[in-house]
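From just these sequences and the hints, can you work out the full model?
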Amino acid sequence: MRLPRRVPWASLSELDEVCSWIYTDESDIDAKVLAVNRLSAWKSITSLPHALEATLSILTAILQDASSQNSTTFLSLRQSYATAIIRLVNGLVDSLQVGAYARSIASIASQLGLPAWFVELRHSATHEDLPSLEVLRTATRDAMRWLLDNYFLPTLNPSAQSSATSPPLRPLSPLLQKYKTLLKSVTRDASLKNQHKDEITRTLREIERWMAEAKVAAKASLSAFEWDVGNGEQDTGQEDTREKWALDRFCDHLLEKGVLVPLSKKKRMPSSNDGFEPSETTLRIWTPLIAHVHSIHRSFSSALVSKILSHLSSRSSTTVDGSEADTILLLQDGRDTSYDVCLATWANWLMNTYESDGYGSEGNNDQSALSRENVVISLLGALRPDKSGDGGSEKIVRKLLKVLCSNHPQLEHITSLVPSLSKTSSSEWHDEDLLAMTQRLDATVALQTSSDTSGETQRMDIDSEIASVGGVQANAEELPTGWKKMTAQDGWRSTPVGVFVGSTGSLGN
Numbered sequence: 004m005r006l007p008r009r010v011p012w013a014s015l016s017e018l019d020e021v022c023s024w025i026y027t028d029e030s031d032i033d034a035k036v037l038a039v040n041r042l043s044a045w046k047s048i049t050s051l052p053h054a055l056e057a058t059l060s061i062l063t064a065i066l067q068d069a070s071s072q073n074s075t076t077f078l079s080l081r082q083s084y085a086t087a088i089i090r091l092v093n094g095l096v097d098s099l100q101v102g103a104y105a106r107s108i109a110s111i112a113s114q115l116g117l118p119a120w121f122v123e124l125r126h127s128a129t130h131e132d133l134p135s136l137e138v139l140r141t142a143t144r145d146a147m148r149w150l151l152d153n154y155f156l157p158t159l160n161p162s163a164q165s166s167a168t169s170p171p172l173r174p175l176s177p178l179l180q181k182y183k184t185l186l187k188s189v190t191r192d193a194s195l196k197n198q199h200k201d202e203i204t205r206t207l208r209e210i211e212r213w214m215a216e217a218k219v220a221a222k223a224s225l226s227a228f229e230w231d232v233g234n235g236e237q238d239t240g241q242e243d244t245r246e247k248w249a250l251d252r253f254c255d256h257l258l259e260k261g262v263l264v265p266l267s268k269k270k271r272m273p274s275s276n277d278g279f280e281p282s283e284t285t286l287r288i289w290t291p292l293i294a295h296v297h298s299i300h301r302s303f304s305s306a307l308v309s310k311i312l313s314h315l316s317s318r319s320s321t322t323v324d325g326s327e328a329d330t331i332l333l334l335q336d337g338r339d340t341s342y343d344v345c346l347a348t349w350a351n352w353l354m355n356t357y358e359s360d361g362y363g364s365e366g367n368n369d370q371s372a373l374s375r376e377n378v379v380i381s382l383l384g385a386l387r388p389d390k391s392g393d394g395g396s397e398k399i400v401r402k403l404l405k406v407l408c409s410n411h412p413q414l415e416h417i418t419s420l421v422p423s424l425s426k427t428s429s430s431e432w433h434d435e436d437l438l439a440m441t442q443r444l445d446a447t448v449a450l451q452t453s454s455d456t457s458g459e460t461q462r463m464d465i466d467s468e469i470a471s472v473g474g475v476q477a478n479a480e481e482l483p484t485g486w487k488k489m490t491a492q493d494g495w496r497s498t499p500v501g502v503f504v505g506s507t508g509s510l511g512n
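Start counting the sequence shown at 4; every next residue gets the next number (this note's numbering).
Just so you know, these hints were derived from the structure itself, not from any lab. Just so it is clear, the structure is predicted and the values come from calculations on it, not from any experiment. Incorrect hints may have been included.
Pair by pair, the computed Cβ-Cβ distance ranges are [said to hold, decoys possible]:
| hint | residue 1 | residue 2 | range |
| --- | --- | --- | --- |
| 1 | Ala109 | Lys196 | 33 to 43 angstroms |
| 2 | His411 | Lys46 | 50 to 60 angstroms |
| 3 | Pro177 | Leu383 | 35 to 45 angstroms |
| 4 | Gln442 | Lys488 | 43 to 53 angstroms |
| 5 | Ile380 | Leu444 | 30 to 40 angstroms |
| 6 | Glu137 | Ser188 | 50 to 60 angstroms |
List time: in silico BS3-like cross-link candidates among lysine-lysine, alpha-carbon distance up to 25 angstroms [to be verified]:
| hint | residue 1 | residue 2 |
| --- | --- | --- |
| 7 | Lys196 | Lys183 |
| 8 | Lys268 | Lys181 |
| 9 | Lys247 | Lys310 |
| 10 | Lys218 | Lys181 |
Cβ atoms here follow ideal geometry from the backbone N, Cα and C, with glycine treated the same way.
Right, here's the structure in full:
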C-alpha cells in the first residue's frame with residue numbers, strides 16, 4: 004500500500020488559485036507576485052514538488068525581467084532564465100536516471116514528452132555560451148505551458164489522467180533475439196567467446212536500459228507524473244511499483260515462444276539427467292541473462308516464477324494421455340503440452356538457483372523474496388477441486404509440486420495429500436456411492452424419528468406435571484399485572500417456534 008504524500012496546500016482550491024494567478028493573464032505582474040509569495044510561503048513550510056520548485060524559479064526570473072527597467076544587466080537576466088530552465092530539466096531527468104547504466108538525457112526527456120530543444124538549451128547553457136535573451140524568454144513561455152499541461156491540469160483534475168497516452172516503449176524482442184544469436188554462437192563454438200564478449204556486454208546493457216525506460220513508462224502509465232517531492236527525496240513505494248511494472252513487462256517477453264521456451268518442441272523437454280530442469284543448451288544460452296538481471300533487480304526471479312505459476316494455473320483444463328509419468332507428451336485433442344513442461348522446468352531451476360542465495364531466506368520479511376513455501380501454496384491452489392475444468396494441465400502442476408517438495412522434510416508430506424485434492428468429478432457417480440448415501444440417509448431419518456418420539460413423551464410428562472401444580476406455581480411467581488402463566492388446562496401445548504396453535508388445539512399456519 005502506498006503511503007500518503009505530504010503536499011503544501013490545504014485543498015486543491017488553493018493550488019487552483021495559484022494556477023489562476025499565473026496563467027489567467029500573462030501580463031498581470033501583480034498576480035504573479037501573489038503566486039511567488041504563496042509558493043515561497045509553502046516552501047518555508049514543507050518541500051515543494053519539483054514542478055512547483057521549477058515554477059517558482061521561472062516566475063522569479065520573469066519578475067526580475069519585468070522590473071529591471073534597464074537597472075539589471077542582460078547577463079544577469081540570461082543567467083536567471085538559464086538557471087530556471089536547467090533546474091527544470093535536471094529535476095525531471097535525474098529522478099528517472101535509474102538502472103545500472105546511465106541513459107542519455109534526451110532519451111528520458113523524449114519519454115516524458117519534454118521538448119527536445121529544452122535539452123539542447125540546457126546543454127548549451129551549461130557547457131557552451133549562454134543562449135540569447137529572446138531564446139530564453141521563448142523557452143520560459145514554453146516551459147510554463149508544459150508545466151500547465153503536465154502538472155497543474157492533471158493535479159487539479161485527476162480524472163483527466165486516464166485519457167493521457169503512455170509514452171512509447173521500444174520493442175524488446177530484437178534485443179532478446181540479438182542476445183540469443185550471440186549466445187548460440189558462443190555455445191556452439193567456445194573459441195568465439197572472447198570475440199563476442201564485448202558485443203554480449205553491450206547487448207546486456209541495452210536490455211538494462213530498456214528496463215530503465217520501462218520504469219519511466221510505468222511512471223507515466225500508472226498515474227501520469229508523480230512529481231517526487233523536493234530535494235531528490237525518493238518514494239520507496241512508488242519505486243517498487245514502477246520496478247514491478249517493468250519486471251512484469253520483461254517477464255512477458257521472456258515467456259514468449261523462442262525465448263526461454265525454444266521453438267523446437269524437442270528442445271523443450273527436461274534434461275536427461277535426474278533433475279527436472281531445462282536442457283543444457285537452453286540453460287547455457289539464457290542463464291547469463293537471468294543472472295545479470297537478477298544481480299541488478301533482486302525481485303526478478305520471484306516475478307518470473309510468479310508469471311510461470313500464473314500461466315500454469317490459468318490454462319484451460321485438459322486431460323493427458325497415459326499414466327502419471329515424469330515426461331508428458333500430448334493432449335487428447337493433439338495439442339502439445341511441451342510449452343508448459345518447459346515453463347515448469349524453468350520454475351524448478353529458478354527455485355533451486357535463487358532461493359538459497361540469501362534473498363528470501365528465513366528471517367527476511369521482504370514480500371518479493373522467492374519462497375518455496377509460497378510457490379507450493381500457489382500450486383496447491385491450482386489443484387483444488389473447485390478449479391477442476393479450468394485449472395490447467397494438472398499432471399504438469401503435480402509433477403512440479405512433487406519435485407519442489409522432494410528433499411524438504413517440512414514439505415514432503417504434502418505430496419501424499421495431493422491425490423486427495425483431485426478426486427473424481429462430482430458429475431461421475433457410481434453405484435457404491437449412491438448406496439453409501441442411501442444408508443446415511445436412512446440412519447439420519449431413523450435417528451430423527453427416535454428423537455421426535457422421545458421428545459414428545461418428555462413434553463407430555465412436563466404438561467402433566469404443570470397441570471397438577473399449575474395453580475400453585477402460577478400463584479408462587481410474581482407476574483406483571485395482566486399476565487398469567489398458561490398451563491395444559493388452559494389449552495397450552497409445546498410447539499416449534501413460529502407455529503400458531505389454533506383455538507381447536509390443531510396446528511395452523
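Indices of hints not satisfied (ascending): none
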